[in-house]
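Participant: Residue strings, one per chain:
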Amino acid sequence: MADTGVAARIHGGLHLDEHKQESNATAIRTLGLPTRLVLPMHQHIGEPAEPLVRVGETVLKGQMIARASDYVSAPVHAPTSGRVTAIGEYPVPHPSGLHDLCIVLEPDGEDRWDTLPPGFPDWRSTDPAEMRERIRWAGIVGLGGAAFPTAVKVNTSGQRRIETLIINAAECEPYITCDDRLMREQAADIVDGIAILRHVLGAERCLIGIEDNKPEAAEALRAALGATVDAATDVVEVPTLYPSGGERQLIMLLTGREVPSHGLPAAVGVVCQNVATAAAVADAVLRGRPLIDRIVTVTGRGVVQPGNFRVRFGTPAPFVIDAAGGRSTDYHRLILGGPMMGFSLHDHQVPVTKASNCLLAPAADELPPSPTERPCIRCGECARVCPAQLLPQQLYWQARAQDFDKVQDYHLFDCIECGCCAYVCPAHIPLVHYYRFAKTAIWAHERDRDKSDLARRRHEARQARLERLEAERKARLRQKKEALEQQPSAAGKDPKRAAIEAAMQRVAAKKAAQLDAGQAPNDE
Amino acid sequence: MNALDVNSSSPHLSGPHSVTRVMGLVLVALLPGTLAMQWYFGWGVIINITLAVSSAVLAEAAVLALRGRPVSHTLIDLSAVVTGWLLALALPPLLPWWQTVLGSTFAIVVAKQLYGGIGFNPFNPAMAGYVLLLVSFPVTMTRWLPPDVISGAAPTLTESLHMIFSGMPPDGQTWDAISRATPLDLMRTELAQNRMISEIRASPLWGDYGGRGWEWVGNWFLLGGLFIIWRRVISWRIPVAMLGSLLLVAGLFWAIDPETHPFPAFHLFSGGAILGAFFIATDPVSAATTPRGQLVYGALVGVFVFVIRSWGGYPDAVAFSVLLMNMAAPTIDYYTQPRIFGQRGRDDA
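For the record, the sequence lines run as chains A and B.
Add 548 to the 1-based position in the first sequence for our numbering, that's all there is to it.
Add 2 to the 1-based position in the second sequence for our numbering, that's all there is to it.
Read the hints as simulated data drawn from the structure, not as lab findings.
Don't be surprised by glycine CBs; every beta carbon is placed ideally from N, CA and C.
Watch out, some of these pointers could steer you wrong.
Taking CB as the label site, the calculated pair distances span [what the hints assert, rightly or not]:
no. : chain 1 : residue 1 : chain 2 : residue 2 : range
1   : B       : Pro332    : A       : Glu921    : 21 to 27 Å
2   : B       : Ala155    : A       : Asp913    : 52 to 58 Å
3   : B       : Tyr336    : A       : Ala634    : 43 to 49 Å
4   : B       : Pro260    : A       : Asp565    : 56 to 62 Å
5   : B       : Thr160    : A       : Thr920    : 43 to 49 Å
6   : B       : Arg233    : A       : Arg557    : 19 to 25 Å
7   : A       : Asp870    : B       : Pro332    : 35 to 41 Å
8   : B       : Ala67     : A       : Asp870    : 49 to 55 Å
9   : A       : Glu921    : B       : Thr176    : 51 to 57 Å
For reference, chain A alone in the conformation it holds in the complex (with noise of 0.2 Å):
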């Protein structure tokens, strides 16, 4: 079980203040129930989920209360067992404070299981198929913050044969440590998890992908696939620069191979599972356990005690601080995720997700806001740090312009908004704002293409039925008047004659009965 080193380097990145230290130091806490639960039936990428339970209704723990509405959904199951008190729209961790559909329930204190189904202590010999079947059920989904339904990522089928499955434990954004305490303290869990996905990806080999500055996560991973007999998995230490965690990136960093700009890591052999998720997968396919809770690091200058928390989904944000000590400061801005991608939060009362691996309470002067933006002086900087090797500053300008044909030819959506940009900005310009701004407004402009394309068609096929239905109108008129125009002809060409030759046979007919009558007048 050598190491392998790194395959590549990725173009540009940043070193910046770790933070790790104030998060991972002390062990995961598991976190009590609060008194309610708000569930969201859209925690994941893709279409949301369908309720399954009614107002009143009583669940217990491991029950799934909403199901996939589509291929691409995932399942929502009940933390603990309960009651649903209220079915409706509540604030959702969203950067614009959005409400969405949710599920509340009020646990009843005794966190009482539902019947698990059985787990496949012979997986090794399962069928593929079935075992994606269970990491669907289980609404598994990528616990790096993506929240993409880790079943359907699983499905390869005609696609490119998967050779290598990547594990994502570079967990590159400063602050943030659930992976970290995960993997030292799940090693074993995140081990069978790989084992079972590269079963279920039929990947020859696994790489994971850690950064350099998680030594001891690093060697709790070595520990834990020493004591398995798996030779085909290495654990990979990357140098610490963000973002090496991006996906495309560490797929660079481990072998060497570039993504297609518009592709799949598929389209390169590669398929890319986060830690936690690899966890998750064991935990449903050897233990029949769903998805019901997640490590969130709970971090900042802003909280007392920071550290890494076993949250159930639904827990609201300010409970889970409340848990960490509480506010330290009367500054009460809270990040959701880390500080170079994650999000303001609009309403503190939000409910953690599938999708939160952070919560950063910052002291008033730990983030500061960034001083006043000034004009761009083209300095390149940005460019120089950009992972995907993209032009920002051009990108910028287009923006700006609201141009968006060209700023898509500067590859607007082959940005990933990991900020590096922004961050080394000497005007303090916010460029990943400006991008955001015209991917949103290019895909608004789209759905209106779309609408209006439909309206047009609509309209053209209306116009081209009106004709249909006006010529054929026509035709049937003009059958008509021809037939009519046809009938007097069809009674004889010279009606004259006609009328003379039925006279001349009327007069022969008369002359021939009085011929009849002649020869023998004696019947009359």
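Given the coordinates of chain A, assemble chain B onto it according to the supplied hints.
Facilitator: Frame of chain A; chain B shown alone:
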């Protein structure tokens, strides 16, 4: 875009960079060369800088106020100071004061603010100001001082102030007695009279490899240039491409006929080539920004410097070359976009 959105938008961390720091580092990097110029050419250099910088700052403040823009917030970016300073370094040390003020004001008001201020000027403001003065006042603009090693002593502070503000030479002296052509100017006029390089080189204006005094000024600017490359204020590409192409083209012609084409190092160390390569052609706003684009841009500036110096109407050519290439920069950028991550062979397994 409202403030709330920006505040909730990532990243929430910002780095230590700022425009003020960038410009401040450029000013620091200009110090050694500036002091060397003062050493060789006297107080006029410092007086010019004072005049040009203060009029640049005043002009910028005035236009910002007229445009209803935040004045002090913009002025602390130090870009007006850099523009004034760079312009002053390009001016003859005894230029009448009002010409310096005019050039500096033109640079800021017309070449910079009328286009929208910092970040929006298509041309390098300092060079636009320099060219305005060069074409408007060719006599005073070519009246350079000889380095003190030749004249014996550069004018004193009082003498310099007198000449600059009165526009007259000291009593009983003529401009011809005080001033001297620059080495580049000398080279051009002498070559035009069909003299051989070996004869021209006999003039005391020559040093070891460039103009006397000038070569040391160049060395000190080079030191400052290396400093800002090290501090990553500028990339190495433009200076290296510009000086490299200048050396290459000059070397080629020198190799063909060393009696009519000066030794390549002469081109580097006799005029504004070093200052231009590190401090003027690298002005990020008006230069090319893509990595390959910077190489093309720099190389073409170098070629134009040689072409204009050798066959053009003016002895030095950095300003014209930079302005010409400023026009080409957007096109160069467009055609030299780097390959983005993910555009390598679609199947490279």
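Participant: Each hint needs a verdict: does it hold in this structure or not?
Facilitator: Hints versus structure:
The supplied range of 21 to 27 Å is met by B:Pro332 and A:Glu921, whose beta-carbon atoms lie about 23 Å from each other. Here the CB-CB span from B:Ala155 to A:Asp913 is close to 56 Å, well matched to the stated 52 to 58 Å. Between B:Tyr336 and A:Ala634, the C-beta spacing of about 57 Å breaks the proposed range 43 to 49 Å. In this structure, B:Pro260 and A:Asp565 meet the distance hint of 56 to 62 Å, their C-beta atoms being roughly 58 Å apart.
Here the CB-CB span from B:Thr160 to A:Thr920 is close to 45 Å, well matched to the stated 43 to 49 Å. Between B:Arg233 and A:Arg557 the CB atoms are about 23 Å apart, so this pair conforms to the stated range of 19 to 25 Å. A hinted range of 35 to 41 Å for the beta carbons of A:Asp870 and B:Pro332 is inconsistent with their spacing of about 56 Å. The hinted range of 49 to 55 Å is satisfied by B:Ala67 and A:Asp870, whose Cβ atoms lie roughly 52 Å apart.
At roughly 55 Å, the beta carbons of A:Glu921 and B:Thr176 sit within the given window of 51 to 57 Å.
The earlier numbered hints that this structure contradicts are 3 and 7.
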